[in-house]
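Those protein sequences? They're chains A and B, same order as listed.
Note that the numbering used here gives residue 83 to position 83 of the first sequence, counting from 1, and the numbers run on in steps of one.
Note that the numbering used here gives residue 77 to position 77 of the second sequence, counting from 1, and the numbers run on in steps of one.
By construction, these hints were calculated from the structure, which means they are not laboratory data.
Hints are supplied without guarantee of correctness; some may be wrong.
Said to hold, decoys possible - Short, incomplete list of chain A residues facing chain B, as computed with Cβ under 10 Å:
1. L43
2. R64
3. F65
4. V74
5. Q84
6. A88
7. G107
Keep in mind it's a predicted model, so treat the numbers as computed, not measured.
Every residue gets a Cβ at the ideal spot worked out from N, C-alpha and C, and that includes glycine.
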Amino acid sequence: GAGVSQSPSNKVTEKGKDVELRCDPISGHTALYWYRQSLGQGLEFLIYFQGNSAPDKSGLPSDRFSAERTGGSVSTLTIQRTQQEDSAVYLCASSLTPGSEQYFGPGTRLTVT
Amino acid sequence: RKEVEQDPGPFNVPEGATVAFNCTYSNSASQSFFWYRQDCRKEPKLLMSVYSSGNEDGRFTAQLNRASQYISLLIRDSKLSDSATYLCVVNRDSWGKLQFGAGTQVVVTP
C-alpha cells in the first residue's frame, strides 16, 4: 500500500525566503510527526499532531517554524525567513494511533544558501 | 546525559557472522521500544518492535532489560545487505514522542 509521501524531495532556497514542506501520511493514520536530521546527526523531534491538533510543539526550534494539519491528513511545515542552520532533511512520520509504530516518509532535503 | 545512548561503531562484521549491540535509555518510565535501520541518505525504516519477553524476526533478535534499562539487537548470519545504521528508539510518552539514539553503524564485509 501507499506509504508516507513528502514533497518536494529536494528544496534549495535563499536565506530569508519562506518554504513550505508537505507530508501525506498513510491513509487512516491519526498521528503525524515531524522530525529533522542534520548531516551526520540523529533525529530531532519537531512537532506531533493527533488529528488536526498539535498537543506538543515543544521541538520547534523557533517561532519561524510552524505547522498545520488539515482534514486529519495532509500536514504542512512552514519555515519563515530561512537561515543556513535550517539546512537539514525534514522527515515526516505517521502512526495508526499515538504510540504505535511510526512509518517515515522519504524526507525533504532542504538547503539554504 | 542523552536519553538514548548507543555505541556509534562501526561494527565491522564478516559475512555470515553474528553481531550484537546494545542501547541504554535513561527514563525508567519509557513505555515502548523499537529498532529502526537507516541506510545512507535514506529515511529510517522500522526493523522491529522490542517486547518485554524478547522477540525474534528471522535473523534478528531483540531483547529488553528494564531493570538495567537497555535493549539489544542481535543479527545472525549477517548479510552484506545488513550494512546500515541501526537506530535505537524509545517512546517515553503515551502519545508516541520518540527519542532516537544516534545510531550504531554496522558494516558487513565479504
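Quick rundown of the hints versus the structure:
1. L43: For L43 (chain A), the interface hint holds, since the closest Cβ of chain B sits about 4 Å away, which is under 10 Å.
2. R64: 22 Å, violated
3. F65: Status violated, d = 17 Å.
4. V74: 18 Å, violated
5. Q84: 20 Å, violated
6. A88: Since the shortest Cβ distance to chain B is 13 Å, the answer is violated.
7. G107: Cβ of G107 (chain A) sits 5 Å from chain B, so the hint holds.
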